[in-house]
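Number of protein chains: 2
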Amino acid sequence: MSEQGHVADRLLEAVDQKGSPVCVGLDPRVDHLPEEFVITDGDPVDQIEAVGRWAIKVLEVVAPHVPAVKPQIAYFECLAGDQGFYGLAAYATICKVAGEIGLIVVGDAKRGDIGSTAEAYAAAHLTGPCAVDAVTVNPYFGADGLQPFLDVGRDTGRGVFALVRTSNPSATAVQDFTGKNGMTLYEHMGGQIAQIGRDANLLGQRGYSLLGAVVGATYPEEARRLRRIMPQQIFLVPGYGAQGATAQDCAAAFKPDGTGAIVNASRSVIYAHNRPEFADLAWEDAVAQAARDFARDIALAVQKS
Amino acid sequence: MSEQGHVADRLLEAVDQKGSPVCVGLDPRVDHLPEEFVITDGDPVDQIEAVGRWAIKVLEVVAPHVPAVKPQIAYFECLAGDQGFYGLAAYATICKVAGEIGLIVVGDAKRGDIGSTAEAYAAAHLTGPCAVDAVTVNPYFGADGLQPFLDVGRDTGRGVFALVRTSNPSATAVQDFTGKNGMTLYEHMGGQIAQIGRDANLLGQRGYSLLGAVVGATYPEEARRLRRIMPQQIFLVPGYGAQGATAQDCAAAFKPDGTGAIVNASRSVIYAHNRPEFADLAWEDAVAQAARDFARDIALAVQKS
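Chains as they are written, first to last, in my numbering: chain C, 2 to 306; chain F, 2 to 306.
No wet-lab data here; the hints were simulated from the structure. Predicted, not measured: the structure shown is a model, and the values here were computed from it. Please note that a few of the clues may not be correct.
Okay, the calculated bits of chain F under chain C, using three or more residues with CB under 8 angstroms as the criterion [to be verified]:
| id | segment |
| --- | --- |
| 1 | 75 to 81 |
| 2 | 188 to 194 |
| 3 | 204 to 216 |
| 4 | 289 to 303 |
Some but not every residue of chain F turned toward chain C, in silico, with C-beta under 10 angstroms [said to hold, decoys possible]:
| id | residue |
| --- | --- |
| 5 | F38 |
| 6 | G43 |
| 7 | A90 |
| 8 | K111 |
| 9 | R112 |
| 10 | G116 |
| 11 | H126 |
| 12 | A174 |
| 13 | P277 |
| 14 | F279 |
No residue lacks a Cβ here, since even glycine has one placed at the ideal position from N, Cα and C.
Kindly generate the complete structure, drawing on both the sequences and the hints.
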């Protein structure tokens, strides 16, 4: 394990320091940005640089309140420039700056492929100049598609969150597919992830694996079942706020001791300046207040449950 | 639909022109390249530029023999440069050059996310300077994660190949999960893809949808079942050559009229210079001969079956 330590230990320590198990998602959509970051002449490179400036400002504003951030790579990948994929230079910069100011960085890339190709993705996202603390991975390929990420994790302390139960409406059409024994696909996938994690034997000092799981807050009953199936996995919990889940829904992903999950909110925090209740505030103040409120609401809901 | 036409029609036309339903995968691994493209001083930007030169040469060498190419984005994504993700500029260039010399380009990105984020991926890979003719997508999210790609397809004629049965060994641990009625997950997923395709109503003149499916050649029995479940989908068939499937195995993915699939080979063609039987040839000649042999073997196997 690397000198920087096991990501699950570092994440739990950061949660203790900031007082709340939350994560702010960075989804830069040009049409949602504060006006000063929208480049009206439409030059793509200027727009990408403005997105970068905005995202760094957001990092600075939320850092006192939250332990982690989750840049969503898709919103950078679609900012093309003339040469193609120039927006990813902004993604790499933002991940680096976030780490420098002490935030845990989850790269939301949802990569996944057969083993030899997964090695290339693991190298791209967990080593080198674009390395993040953990990356999200799609486990439809099974164990050999996850193993290369865990192999890099063993050397670096960096981690993985594998999709188990996603937060979107049509998740059910695939993930509720029900087996002979009454078990659903998401439960089967949860069991697979738990087993792959046990086989890899990559536990930190506080009992959590480098291999975590994405479990949407929009399905709290499912989260409770998955909590029992995956005792060693930290859950990354999307779906709070704009996607409709409440703080109480999110609490279902935690253990009785209040650990074991980190709840993400993206739009409701980073675009707080567009919310009517914050209309009188400067955009940075709106974002700061939304981050504070989000962190407090989740911390309270986890304490009560 | 755009003036360039429906990608399934364009692909079938290109197959007729070249005389074989095959596709060459571009997986640039520095340690497999011909010596002249390995930068010994280790400068990452020089190495990326050398990879770009090699890939363009491969395109020129295989273009007379095959209708399509499949750049695997992971192998470009892991070529970082100092700034991060600089290798993707080479990916974008190669996709553009391949289109200019008349090849159909399948971007093997296996992206996938909830609907709002899938919109960003669809924009990144099917519009703008990095647009390919079709992109591979991971369907674990269900219909709302696929729809944004189909919406862009409706406007542009560009398409999608959704993973159904992957070619790797541990695919079975997830995709053979068996439902109450004896149906496996891969069959269920095939049924979902067929239905999403029918609902989208995006058929070309030859009866195939913009929504295709990835069905690995390493599981021919499964491919035969999926062929019946998804009559309107073109199958992208990985697994030939280095992954162990034979031309006969690949034939299972085709309809009796010899249409409906395109077989991919990557390592066995692009690294043919490393194969003992081609040891006496210049690397370009080895690649050309491997591409010719591959195209002929698949064409023969499909005719016979």
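The hints, checked one at a time:
1. Chain C is given as covering the segment 75 to 81 of chain F, and this holds because 5 residues of the stretch bring a CB closer than 8 angstroms to a CB of that chain, at least three being needed.
2. Only residues whose beta carbon comes within less than 8 angstroms of a beta carbon in chain C count, and the segment 188 to 194 of chain F has 3; three or more means the coverage holds.
3. A stretch counts as covered by a chain when three or more of its residues have a beta carbon under 8 angstroms from one of that chain; for the segment 204 to 216 of chain F and chain C the count is 0, and the coverage is violated.
4. Proximity of the segment 289 to 303 of chain F to chain C, defined as three or more residues with a beta carbon under 8 angstroms from a beta carbon of that chain, is not established by the 0 residues found.
5. At a threshold of 10 angstroms, the smallest CB-CB gap from F38(F) to chain C is about 17 angstroms, leaving the interface hint violated.
6. Annotation: interface hint on G43(F) violated; nearest CB of chain C at approximately 13 angstroms, more than 10 angstroms.
7. Of the supplied interface hints, the one on A90(F) holds, with its beta-carbon coming within about 5 angstroms of a beta-carbon of chain C, less than 10 angstroms.
8. A cut of 10 angstroms between beta carbons decides the hint on K111(F): the least distance to chain C is about 6 angstroms, and the hint holds.
9. Taking 10 angstroms as the C-beta contact cut-off toward chain C, the hint placing R112(F) at the interface holds, the least distance being around 7 angstroms.
10. About 6 angstroms separates the beta-carbon of G116(F) from the nearest beta-carbon of chain C, less than 10 angstroms, and the hint is met.
11. A cut of 10 angstroms between beta carbons decides the hint on H126(F): the least distance to chain C is about 8 angstroms, and the hint holds.
12. The beta carbon of A174(F) comes within 4 angstroms of a beta carbon in chain C, closer than 10 angstroms, and the hint placing it at the interface holds.
13. Because the closest C-beta pair between P277(F) and chain C is about 21 angstroms apart, greater than 10 angstroms, the hint is violated.
14. At a threshold of 10 angstroms, the smallest CB-CB gap from F279(F) to chain C is about 21 angstroms, leaving the interface hint violated.
The structure fails hints 3, 4, 5, 6, 13 and 14 (numbered hints given earlier, in ascending order).
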